[in-house]
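A.B. asks: Listed here are the chains, written in short residue letters.
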Amino acid sequence: MRLEEHPILKFDRGPRVTIYFEGKPIVAYEGETVAAALHAAGVYHLSDSQEQHRPRGFFCAIGQCSSCMMVVDGMPNVKTCIVKVKDGMSVQVQRGKGDLGWSIEK
Amino acid sequence: MEHREIVVVGGGPAGLCAALQAARLGAKVLLLEGDDRLGGQLIKQTHMFFGSEKQHAGTRGVDISAMLVKELKSMDNVEIRTNAMVIGRYDDGALTVDENDEFKLIYPEKVVFATGASEKMLMFANNDLPGVYGAGAVQTLMNVFGVMPAKKVLMVGAGNIGLIVSYQLMQAGVEIAAILDAGPQIGGYLVHASKIRRAGVPILTRHSVKEAIGTDMVEAAVITQLDESWQPIEGTEKTIECDAICLAVGLSPFADLFWQAGCEMKFIPELGGHVPSRDENMETSIEGIYLAGDVGGIEEASAAMVEGYLAGLNAAVSLGYGLAEAEGLRADLKDQLNDLRSGPVGDKIRSGLAKLQDD
Ligand SMILES: Cc1cc2nc3c(=O)[nH]c(=O)nc-3n(C[C@H](O)[C@H](O)[C@H](O)COP(=O)(O)OP(=O)(O)OC[C@H]3O[C@@H](n4cnc5c(N)ncnc54)[C@H](O)[C@@H]3O)c2cc1C
Ligand code: FES
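Top line first, the protein sequences correspond to chains A and B.
With the numbering used here as the guide, the letters of the first sequence map in order to residues 1 to 106.
With the numbering used here as the guide, the letters of the second sequence map in order to residues 107 to 465.
Bound-form chain A, shown alone (with noise of 0.2 Å):
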């Protein structure tokens, strides 16, 4: 939920966009990180831990603690929490590492 009405701040929202989560439309505005946007549309389990799989959001907000990481466009291990939407940005939950979908041989 986004705040519309606040006592001291006014929020100058960047122009509409649409991110993906999972393949779903979600609404954003630009400037936003991607945490934020899915978090205003409810979305709070952005990856799973590597070894116990346990769900995991985002802690500091400031880039610093790395429990926010997602696949962002494919790739993954993108600290959610410091990355501005861009519009038809698509976005998932990270499970384990991560794969960069290529290796050396390759």
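Please note: incorrect hints may appear among the correct ones.
Stated by the list, open to error - Derived DMTMM-like pairs: lysine to aspartate or glutamate, alpha-carbon spacing no greater than 25 Å straight-line: (1) B:Lys226 x A:Asp48; (2) A:Lys97 x B:Glu208; (3) B:Lys226 x A:Glu51.
To be verified - Restraint-style ranges between C-beta atoms, simulated for each label pair: (4) B:Gly289 x A:Gly98: 40 to 46 Å; (5) A:Thr18 x B:Asp234: 26 to 32 Å; (6) A:Arg54 x B:Thr342: 25 to 31 Å; (7) A:Met75 x B:Tyr295: 41 to 47 Å.
Stated by the list, open to error - Far from chain B, some chain A residues (derived; all Cβ distances over 10 Å): (8) Pro15; (9) Val17; (10) Ile62; (11) Pro76.
What the hints contain is simulated information worked out from the structure, not anything from laboratory work.
Only a predicted model underlies this, so the values are computations on that prediction, with no experimental measurement involved.
Just so it is clear, CB atoms sit at the ideal spot from N, CA and C, and this is done for glycine as well.
Following the hints, put chain B with the ligands in place on chain A, whose structure we already have.
C.D. replies: What follows is chain B with the ligands alone, placed relative to chain A:
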């Protein structure tokens, strides 16, 4: 590869003031900020600041930041680059920088690290569930992006940060289930605490979280009372419904760059953990590396600004700028720091700084 006179790393209050002071004396300054906005913690602070007038008490944190940024942007011997995260410092003095996903190499003659601090974690069962957030994260979401962090929050920590963030959450329409503090007393200023209490929010001292409950995210928290030696008292557990647990249990300095550079470090709990040793000119054990602000000890924006001015001044003077006015400026800044750290509020920081001087 670039060569620079003075590079300031971090655009919070400390870094902004370091850049300002060095530039006022005529030095050429490059300010690097990892985020896309300047201001550091200040951009999340919607409340009127405490401190003294010289450090803009009575002004909202966001507005202090805007003021500093405005002056900086008006100077032509300052270059400001955002989205520029310093990721390394090498023995030959090189800084490696990730700037808009490009890798850059910068050689400064003098560098000021003013990288601030980050939230501490707290040990309890299921503390990795989505819905357990640092207080700073909640502030960023709410005050920078205008996104409602949660519906009902359990705040852990009744220091100034816990109290202020609770109050800001209430302003945004979020319910505060309770504020817990492990200590016997509320750590923050009583003005903040009574505002919150008047609104009906319980502040429970000698309490902590034992467990977060939930499968995919936080649905409730089990809290418990603590005894004199900070141990949980069995049988006092209570379950509190909430969709977020917000941690405001202290900050620890972001000292990575000093470690990497090989600066002498000391563990000083009063200052928040490992911090670099420094002389009274804010220079570390390595010549040409200065520090300012929370990265050298968790304090306040007011002190961070003065330390910033001092570090910027000394870096510039070491390059031969401002020699005529240096003495007077330096003395005034040191007086300001002493004033800020006087009285009972400054006890902790004074004892921390004293330990830094030991041996
Ligand atoms: C809720 C809350 C309320 C507060 N209220 C008050 C108050 O009323 N009065 C008061 O005086 N103080 C207050 N403070 C404290 C004050 O905000 C901090 O002490 C102050 O911001 C510290 O300044 P700083 O410049 O050292 O660090 P920060 O403000 O944390 O800034 C550090 C900056 O460095 C950047 N950075 C970090 N690493 C790198 C890197 N490697 N490369 C490039 N950039 C980097 C960060 O992105 C950030 O912008 C409050 C703090 C909080 C959290
Ligand atoms: S939430 Fe900590 S790195 Fe993104």
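A.B. asks: It remains to establish, for every hint, whether it holds in the given structure.
C.D. replies: These are the hints, each one checked on the structure:
1. As the CA atoms of Lys226 (chain B) and Asp48 (chain A) are separated by approximately 22 Å, the hinted pair is consistent with the 25 Å bound.
2. Of the supplied pair hints, the one linking Lys97 (chain A) and Glu208 (chain B) holds, its CA atoms being roughly 24 Å apart against a limit of 25 Å.
3. Taking the CA atoms of Lys226 (chain B) and Glu51 (chain A), the gap is about 23 Å. The hint holds against a cut of 25 Å.
4. Checked against the given bound of 40 to 46 Å, the beta carbons of Gly289 (chain B) and Gly98 (chain A), roughly 41 Å apart, stay inside it.
5. Checking the proposed 26 to 32 Å range against Thr18 (chain A) and Asp234 (chain B) shows it holds: the Cβ atoms sit about 31 Å from each other.
6. A beta carbon spacing of about 28 Å between Arg54 (chain A) and Thr342 (chain B) agrees with the range 25 to 31 Å that was offered as a hint.
7. A C-beta distance of roughly 45 Å is found between Met75 (chain A) and Tyr295 (chain B), which places it inside the suggested range of 41 to 47 Å.
8. Remark: the non-interface label on Pro15 (chain A) is consistent with the geometry, its nearest Cβ contact in chain B lying 15 Å away (cut-off 10 Å).
9. Distance check on Val17 (chain A): its Cβ is at least 14 Å (rounded) from any Cβ of chain B, clearing the 10 Å threshold; non-interface status holds.
10. Against chain B, the non-interface label of Ile62 (chain A) is violated: not every CB pair exceeds 10 Å, the least being about 7 Å.
11. Interface exclusion of Pro76 (chain A) from chain B stands, the closest Cβ pair being 16 Å apart, more than 10 Å.
Figure legend: structure checked against the earlier numbered hints; the only hint not met is number 10.
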